[in-house]
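Asks: Next come the chains, spelled out residue by residue.
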Amino acid sequence: MVRRYHAWRVAARACVAPLLAALSFAAFGETSPRKFYVEDIKDAMAAHIQAEVDERGVFHLRDDHTGKMLALKFVKIHDPVRQIDGATYFACTDFEVVGEADKLYDIDFWLRPAGDKLEVFDTKVHKEPRRSLIYGWFKYPRYTFIDDQVVYLY
Amino acid sequence: MRIFAILVLMLPLAVLAAEHGGEAAETKEHGGQPAASKEHGGKPAEKKEHGGKPAEKKEHGGKPAEERT
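Listed in order, the protein sequences are those of chains E and R. Under this note's numbering, the first residue of the first sequence carries the number 1, and numbering increases by one thereafter. Under this note's numbering, the first residue of the second sequence carries the number 1001, and numbering increases by one thereafter.
If we strip away everything but chain E, and leave its shape as in the complex, we get (with noise of 0.2 Å):
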């Protein structure tokens, strides 16, 4: 009797250790968030700014803070994009205004998975042009990052 306990027990554990593992990677190795890289954040802001501007090349976005609509022109994204978490991503741009080209916004892009893409689900004006008597346009920081989160310094 105890020999014939001893065999199932035995058996038991053959079987179930091996489908305890295929279901965990069955249930984790499918949902594990893919990595994205350089490549594939660029690639998405360049398909989101493209999506976002009129014939005119013109990206109209509603200033997060003041609520006023600014007509942008893109110039550029800062290196380097970034990733904030596991599955977090980022991206600095620079947006100058439309027939203004001294005057720079500073738009921070956070975007994360969507399928094997990434998409873009908040958009900040990091720095707003400001003028000085001395040094012209410059972008003035509306907020800084402490501990991957945003604080406004005004």
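In short, the hints are calculated from the structure, not lab data. Wrong hints could be hidden among the right ones.
Some, not all, of what chain E presents toward chain R, calculated at C-beta under 10 Å [what the hints assert, rightly or not]: (1) Asp122; (2) His126; (3) Pro129; (4) Ile146; (5) Asp148; (6) Val150.
No experiment lies behind these values; they were computed from the predicted model shown. The C-beta atom is built at its ideal place from N, Cα and C for all residues, glycine as well.
For chain E, the structure is supplied; the task is to place chain R on it using the hints.
Replies: Below, chain R alone, put in the same frame as chain E:
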């Protein structure tokens, strides 16, 4: 008066009659200086408006994304 005049005149002779030149060395019960005495040992604890240290400010959060190899 005469006695007083005699004593005054003899004073230089007494100086000349000193056994050794110079001044006598200072004598002390013990060498060194007395140790500084304090009400309590150690130093006063440092007072601060707030504990901890200021959080680090960064231009951007996260870390640079990786290049695909």
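Asks: All hints, please: hold or fail.
Replies: So, going through the hints one by one against the coordinates:
A hinted interface residue such as E:Asp122 counts as satisfied when its beta carbon comes closer than 10 Å to some beta carbon of chain R; here the least separation is about 12 Å, so the hint is violated. Taking 10 Å as the C-beta cut-off, the interface hint given for E:His126 holds, the closest approach to chain R being about 8 Å. Because the smallest distance between the Cβ of E:Pro129 and any Cβ of chain R comes to about 18 Å, over 10 Å, the interface hint for this residue is violated. At about 5 Å, the closest approach between the beta carbon of E:Ile146 and any beta carbon in chain R falls short of 10 Å, and the interface hint on this residue holds.
About 3 Å separates the beta-carbon of E:Asp148 from the nearest beta-carbon of chain R, less than 10 Å, and the hint is met. For E:Val150, the interface hint holds, since its Cβ comes within 10 Å of a Cβ in chain R; the closest pair sits about 8 Å apart.
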